[in-house]
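Chains as they are written, first to last, in our numbering: chain A, 3 to 144; chain B, 11 to 232; chain C, 10 to 316.
Everything labelled a hint here was simulated from the structure, so no lab data went into it.
Yeah, the Cβ is synthetic: ideal placement off N, Cα and C, and Gly gets one too.
Label-pair restraints from in silico Cβ distances:
1. B:Glu198 x A:Ser110: 46 to 54 Å
2. A:Glu7 x B:Met129: 50 to 58 Å
3. C:Ala97 x A:Lys47: 57 to 65 Å
4. A:Lys47 x B:Arg224: 40 to 48 Å
5. B:Met118 x A:Phe76: 38 to 46 Å
6. C:Glu279 x B:Glu198: 37 to 45 Å
7. A:Asn78 x B:His45: 16 to 24 Å
8. C:Asn51 x B:Asp194: 42 to 50 Å
9. C:Leu96 x B:Glu87: 39 to 47 Å
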Amino acid sequence: MSDFEPVVVVFACDYCAYTAADVAGRMNLEYPAGIRIVRVPCTGKVDSLYVLRALEKGADGVLVAGCLDGDCHFKNGNLRAAARVKALKRLLDEINIGSGRVEMVQMSAGQGAVFAETARNFVATVQELGPNPIKHAASQAA
Amino acid sequence: MITATRKPMEEILKSVEPFSKILLLGCNECVTVCHAGGRKEVALLGAALRLGRLQKGLPMEVEELTLERQCDPEYVEELSRTIDQYDAVCSMACGCGVQTIAERYPSMPVMPMVNTAFMGASESHGVWAERCAGCGDCVLGYTGGICPVARCSKRIFNGPCGGSTKGKCEISNDVDCAWQLIWDRLKELGQTELYSKLMEPKDWRTARDGGPRRIVREDMAL
Amino acid sequence: MKSDSNLEKVLAGGHFAVTGELGPPRGANLEAVKEKAAHLVNMVDAVNVTDNQTAVVRMASWAVSLTIKEMGLEPNYQMVCRDRNRLAMQSDILGAAALGINTMLCLSGDHPSFGDHPQAANVHDIDSIQQLAMIKGMRDDGRFLGGDEIDTPPRMFVGAAANPFGDPFELRVLRLGKKVAAGADFIQTQCIYNLERFAEYMRQAHDMGLTEKTKVLAGVTPLKSGGMAKYMAKRVPGMDVPDDVVKRIASQPKEKQAEEGIKLLCEQIEQLKEMPGVAGIHLMAIEWEHKVPEIVERAGLLPRPKA
Ligand code: SF4
Ligand code: SF4
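With the rest of the complex left out, here is chain A (with noise of 0.2 Å):
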């Protein structure tokens, strides 16, 4: 288990997450490898669809990180994010997939050591759940 590197993909908002990440980049913060970033305009742009993808791809992990409370850009799509991460929970629990590989998380722009570190603590729990289980399944089919 300790071999396995899970691939987690972050929906990270061009206002907060992912200028974070850049913070964390310059002060030599270091997150994980498997982290795949992607940059979106607002968590609000981020349809469940997306996150499905993602675990349908092979994702071990996803990650939403938007704005704090109150500091959406687009004053509420960080809140409508979070509500749709708790639906698709919901689904992801029964489907058997497991509601623990999807979360939403929250942190300002200058907060390179706060993304970092969320990123290291999202990671090691994706390794507790283990792979994503249908990779495991297809290899079995296959």
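Got chain A; can you put chains B and C with the ligands on it based on the hints?
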């Protein structure tokens, strides 16, 4: 519009267990508007079904398609050339759409993916509420435009019952008492005299109780 | 006389009427209900027999009605609109009338979600006001609701319930008016604790001429304890229990609260006797039937007029 909600995934996965290739079929009308079975929901359920089946180690092919209107033979006809390649149609339309498919394609299993709920209107974004029970003899003109059949928990015609409390129905604080609403609106309209009139027992034949209903427009029927 | 109802006779005779109440058992055993009913013999003019009260299944109201009729009581057969369509209602009414039930009470019925079968279909084919009109039509016009003639019409004295404190307040007297127009021979109200507000309601009813057309029996229930008083005040929808009433009972030591409740009730009954338009009381002493003789005695309501 007709409202619906997606069935629980457990029930859906069970219903598709025997199949390895399905057509997941949405409808572009009511179920699109209430976010239960339009193009978007078809894509979401499609992904969830593929994931769910892969998780079980039983991959399933899911073709996604959304028809303009599933309760209309004209649009359902579109499937005639391709339908044979599927083990089943999983319909995300309301019960009317599901049955139109079943009628047109007698040998094709059709599974409902949503629970058809009620005829309602949108109260706010993401919230729909029942407004009409299709009783076939509308009384809204006498009740201030608020339906006692669909919105009173006891479909009382001479309400309110003794359970009406602070504008809410006895069944729940989340449900408005229809008769409070009716009274308030009659006052607003200056039509309170309508309240004093005894409303006669309803002839439920025009509702479901007269047997399945049908409308034939002779000026249009071919 | 419209019927052979003892209640009708008592009211027609100008007496201050007293009705009681019994809840049928949750099984096929009549012993317990007979025991409770025995306390009411010669104490009240009629006894309401509830119909699947609070939407919980109980023995048929007509069966218990017939049982207490044999014991010398006058049953007031309750029927709710929740459980029967117009066919079932009318056939039950014919059967009840044929077997000697003379008095009925029309009710909506609590919603099934409160009871032991929340899964049940919620009938409400007609509402309680239409039900009143239907029974009156069966009796006076000798016609079923569907229009056909009845060869021997049921001679029922028929009443309805009213909640003077329900919402919206402005509709309470208006709705009473609709019940009277539909044919309510008598009205039994919800429990009254706020006599001032009730007097206002009665004044309005009187002004509309309703008290001439129907007999209003004021509902009363003894408060057995401070806890019960608080519960009724806070938890029971559409119930108005003034603070001083709650305080009066609750401030007594535990063992004296029941006695204080009876005292209060007797005072209320005295006031109700004097209130214009009030034709009697409906004494709801559920699970306290054995106290009824003491209450009616102390309230000066004995002996009951002989039919
Ligand atoms: S009265 Fe009948 S037709 Fe009119 S809104 Fe109500 S249920 Fe619908
Ligand atoms: S409280 Fe109002 S809505 Fe509810 S059953 Fe009674 S009259 Fe109907």
